[in-house]
Amino acid sequence: MSEVDVVRSSSMADEHVIEQAPQSGTGELDALAAALRDGQPSAVEGIYDEYGGLVYTIALRFLDSPERAEELVQEVFLAMWERRASFDPMRGTLKSWLCTMVRSRALDMLRADRRRPRPAYSLDSADGDRPAMEIPDPSRASDPAAVVETRAVLSALDILPDDQRETIELMYLAGLSHSELSGVLGIPLGTVKGRVRLAFAKLRQHLGIHLEVES
Amino acid sequence: MTTCAEWEEEYLESLAAGSGPSLEVLAHMESCPQCHLLLQKDRQIHDALKEGVRVVPPPAALKSRVLSSIQTSPSAPQLHVMTEGSSPARSSRQLHRGSILIARLAAAAVILLASGISAVNLARSSSVTNAAVALQLPGEPVTYGIVQVHPASGIAYLANASLPAPTPIEGHASEYELWYIPSGGVPIPKGALVEGPDGQWHGAVRYPVQGSGLIAITVEPAPGTMKPTSLPIAAARV
Ligand SMILES: [Zn+2]
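Residue numbers (my numbering), protein chains in the order written: chain W, 544 to 758; chain D, 38 to 275.
Think of the hints as simulated: they come from the structure by calculation, not from any bench. By construction, the Cβ of each residue, glycine as well, lies at the ideal position given by its N, Cα and C atoms. Warning: the hint list may mix true and false statements.
Quick list of the computed label-pair ranges, beta carbon to beta carbon [unchecked claim]:
#, chain 1, residue 1, chain 2, residue 2, range
1, W, 650, D, 38, 32 to 42 Å
2, D, 207, W, 585, 47 to 57 Å
3, W, 585, D, 261, 20 to 30 Å
4, W, 698, D, 259, 36 to 46 Å
5, W, 751, D, 246, 28 to 38 Å
Below, a list of computed lysine to any residue pairs in the SDA-like style, where the Cα atoms sit at most 20 Å apart [to be verified]:
#, chain 1, residue 1, chain 2, residue 2
6, D, 264, W, 654
7, W, 745, W, 694
8, W, 745, D, 221
9, D, 264, D, 221
Please construct the entire structure, taking both the sequences and the accompanying hints into account.
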């Protein structure tokens with residue numbers, strides 16, 4: 544499909560100009576993955592620079608504690624290093640592999656805590672001064688209306704059931720495709736599609752007053 | 038026949054992939070006023086999520102901690118994959134590496150518990166440490182797992198434990214249960230080991246940073262007990 548085809552096909556075409564894939568430098572990431580598999584410790588620094596924040600944010604979302612999230616990041620990168628020989632680029636990307644590891648270990652830690660009250664998988668600030676997700680400030684934005692809408696959508700994530708919220712957050716935090724999400728979450732592709740659609744339906748319903756589309 | 042819900046799923050999938058909707062989806066939107074409006078709203082929500090859901094920058098000091106833990110980690114990842122199916126030569130080499138690792142990290146002798154199993158004594162160092170831990174099921178060959186200890190936060194993580202599915206107890210399901218036993222105290226249940234997709238078992242224990250104790254694994258009736266009912270199959274001193 545070319546951009547020209549899209550323009551001819553719909554009056555909405557200008558909203559649907561083909562987007563560039565968000566990831567640039569995939570060659571560089573491939574090289575980092577290859578260096579990791581070769582056992583070059585320097586690869587870890589490059590991978591941390593690329594994905595350290597992502598792994599930390601996912602850990603923070605699950606564990607609700609910056610200290611535990613930091614421990615988990617250390618654990619995940621150490622596991623990545625020690626299990627480097629088992630990373631198979633044919634089965635998925637380094638990013639998916641890291642997402643799978645951090646999620647699975649965070650769930651282990653929550654299960655280990657199962658006999659005490661479990662912290663909610665929550666959008667709320669983890670410790671009061673370091674928000675688990677950055678809420679943009681409209682007063683400092685070039686397009687305050689868009690920021691207000693973004694804030695409304697982020698707040699609305701709270702109304703989603705945990706499984707839908709986790710799916711949406713992983714999708715946008717990590718920029719994962721539905722098939723990558725299926726691998727990371729360990730659920731069928733059809734379930735991912737259904738979850739995302741249900742989540743959007745709930746968000747649409749909740750945000751009805753904020754998102755009046757001009758006709 | 039494709040339903041409106043399926044068109045929407047396809048549309049949302051294309052947004053996630055960053056590829057733009059297919060001609061078929063666009064054609065459906067043109068012919069279906071309901072989808073036309075609905076998918077426009079989906080697009081707005083997608084744009085807001087793409088803008089708003091952002092990675093939180095980790096503390097700057099974390100990077101150096103991550104990199105130094107890599108530098109001090111053993112360079113023998115195959116230590117982790119010790120299964121009954123390993124060739125004898127490979128197993129003995131791995132065992133040897135495991136012994137060196139324990140000796141180096143533990144800074145203490147392997148001790149024998151009353152049950153006759155060996156307990157790994159993990160150094161009270163301030164950095165993350167790894168050690169092999171022996172897993173001895175009654176009547177089975179010894180297998181190994183890796184126990185990784187984070188002394189700063191009091192987390193011990195058992196990974197790559199090569200264990201068979203737990204044997205039913207008197208016809209009922211059982212599980213591998215983790216315990217923390219404070220020095221001079223009673224065992225505190227810490228949840229069950231979980232089997233990963235690779236068939237290896239893993240689990241995490243949080244323990245008090247101050248004080249010392251044992252982490253142990255027993256086989257218990259599912260869904261767990263408040264007191265151990267069998268002898269430990271593994272133990273590590275933290
Ligand atoms: Zn329709």
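Now the hints, each set against the structure:
1. W:650 with D:38: 32 to 42 Å: For residue 38 of chain D against residue 650 of chain W, whose Cβ atoms are near 39 Å apart, the range 32 to 42 Å holds.
2. D:207 with W:585: 47 to 57 Å: Between residue 207 of chain D and residue 585 of chain W, where Cβ atoms are some 55 Å apart, the hint holds.
3. W:585 with D:261: 20 to 30 Å: 44 Å, violated
4. W:698 with D:259: 36 to 46 Å: 40 Å, holds
5. W:751 with D:246: 28 to 38 Å: The hint (28 to 38 Å, Cβ to Cβ) is violated, given that residue 751 of chain W and residue 246 of chain D are roughly 49 Å apart.
6. D:264 with W:654: 18 Å, holds
7. W:745 with W:694: Between residue 745 of chain W and residue 694 of chain W the Cα gap is close to 16 Å, so the pair holds against 20 Å.
8. W:745 with D:221: 53 Å, violated
9. D:264 with D:221: 15 Å, holds
Figure legend: structure checked against the earlier numbered hints; hints not met, in rising order: 3, 5 and 8.
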